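Trainee: Two chains, two frames, some hints: make the complex.
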Amino acid sequence: MTPEFARGFRASVPAGIGVLVYGLVFGVLAAEKGVSAPQLAIMNVAVFSGSAQLILVGMWSGGFPLWQVALAAAVVNVRYFLLTAAVAPLLEPYGKFGGAWRVHFVTDENWAVTMAESRRRRVTGDFLVGGGVCVGLFWFFSVLAGHSLGFTIAAPERFGLDFAFTALFTALAVTMWRGRRDIFPWAVSAAVAYAAFRLLPGAWYVLLGGAAGAAAAAVRGGEEG
Amino acid sequence: MILSGGNAWAVIVLAALFVYSIRFLGMAFGSRLPKNGPVKRAMDALPGTIFAALVFPGLAEAGLPGMAAAGVIFLAVRKTGSVFLAMILGMGTVALLRAVTGN
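First to last, the sequence lines map onto chains L and B.
Numbering-wise (my numbering), the first sequence opens with residue 1 and increments by one.
Numbering-wise (my numbering), the second sequence opens with residue 1 and increments by one.
Chain B with its partners taken away, still in its complex shape (with noise of 0.2 Å):
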């Protein structure tokens, strides 16, 4: 199912609400926050485990493929520093292994 219609405007206009809520929190009780301890040990790990969660089921599902597209992202980003290059190493890897597989 692709978003559509009403649908897309309503994940639109919540996605926009919570976001400008997260913005105006900040501004407004941000200062309230422990400045170390479990809270912010978490609060400082939220994005990363987010992307975590977000690509782990992914590029297993994507089996072999996938995961040689991960460990080529992986270096790509540590030896170049570059998301944008290593995106495209991904996909040209992704792509490559498929014609030579036959998928």
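Pulled out of the complex, with its shape left as it was, chain L reads as follows (with noise of 0.2 Å):
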């Protein structure tokens, strides 16, 4: 461990704090769709990623066909490319191998702890990857925690719990619009997610509206984001 990732570790503890408030909700509403601890124990680890896991368990229970889930739990996720774009020359110095490991430690908390870190100083991707692991511990034991809590709620829809990715959705929905802009995206998103989800099997809706969605965006010009 260098006095780097240490550095990285602590910095990201404030934002540790705020992921767990979120694993804890997350780990709630796993259990309360079947996952298994065994199972959110190595999505935990393996996907490593709030909003994907947050499909992942979403869609869990709807029947629809594996690659789709998995793909739309992806697509939600494109942003990691622009976020790995931008610590790409943290990385370099470690080789081929050393960053194709540490860039898995990308996270929307850590990353922004860097970048911030980044315009005072320069940083390392140690750093980078303290910031990862820090987050991750957090993100890690919330949500198991959360899942043992989960279990001991009987008859969750008298709590409307079975809304609960509805609900959830719906503000984090709210907490990416981004103003006028969004209006026509996203009314083109919402208008063929009904149409796709009314006529085609399976997670169609998902991925034809947020692809018709941003296809709007694209034509429509305008200001940049």
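Simulated from the structure, these hints should not be mistaken for lab results.
Owing to the predicted nature of the structure, the values given are computational and were not obtained by experimental measurement.
Even for Gly, the Cβ is constructed at its ideal location relative to N, Cα and C.
There's no promise every hint is true.
Stated by the list, open to error - Chain L stretches covered by chain B per the calculated footprint, using a threshold of three residues with CB under 8 Å from any CB of chain B:
| hint | region |
| --- | --- |
| 1 | 39-52 |
| 2 | 72-80 |
| 3 | 89-103 |
| 4 | 178-190 |
Mentor: Structure below.
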């Protein structure tokens, strides 16, 4: 463990506490959907992305084809492409293999902490990985803690728990709202999604709606994000 | 159908591979992506439109309690900025409306 790793770890603790709350909620919901603790543990390490795991678990009991669920989980994470592109210079000194495993530790939280730190001084990839391990530990244990709590709740529909995913997804959608320039892409997305939901089997509605909305944003021009 | 046994593990492994690929490809090739123009606009809009596509049919199918909850959630996120609080209020709205209407 290098000093940079430790610094990155410490700098990400506040972000980790935010992750903890989110992890507890996610764990409760995952228990509600019937995801087992070992499955959740592996998912926390192997997928290691809150939004992708949320999609995965949200679609867990829908009877969708596997690849469509996995693809929807990945597509919600295309922004990682931009995040890891931005930190590529930090990972370059470690070589191809050194960078290949370190890049798995990029999450929204430690990425933001690392980018903020890099405005003040020269940071290294170890700072980024230290932050990723910090966020990852908070995520791993809070999700499993939430999961063990979740199994103790009886008659979930009495508390509206069956609506929890839709409620959480709706709240997250509102946070992603970028103002008036989103009206057109979102309207296209909702219309295509609803038509596909009615007409097509599986999870096509998520993929088609999302892609149609993004295409609408591409053709319209106007201001850049 | 709930994912179980081999299917559950397969979907986890598949999602892990896809998500890792995005991380890796971003690191390897991300610098070649255009910094503006249509591709950039589509990439920026995509996370939001995916959530819109995911949420809208569910809300429409949930009927009146679902739509009322969506309104409460929208206001709660806008006023408080707390996703967690908004979610709890949305669930409360649905539970309350179900109790009142007897569904």
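Trainee: For every hint, state whether the structure bears it out.
Mentor: Checked hints:
1. 39-52: Contact hint for the region 39-52 of chain L vs chain B: holds, 9 residues under 8 Å.
2. 72-80: Per the Cβ count (9), the hint holds.
3. 89-103: holds (count 4)
4. 178-190: With 7 residues in contact (Cβ-Cβ under 8 Å with chain B), the coverage given for the region 178-190 of chain L holds.
Consistency with the previously given hints is maintained throughout, with no hint failing.
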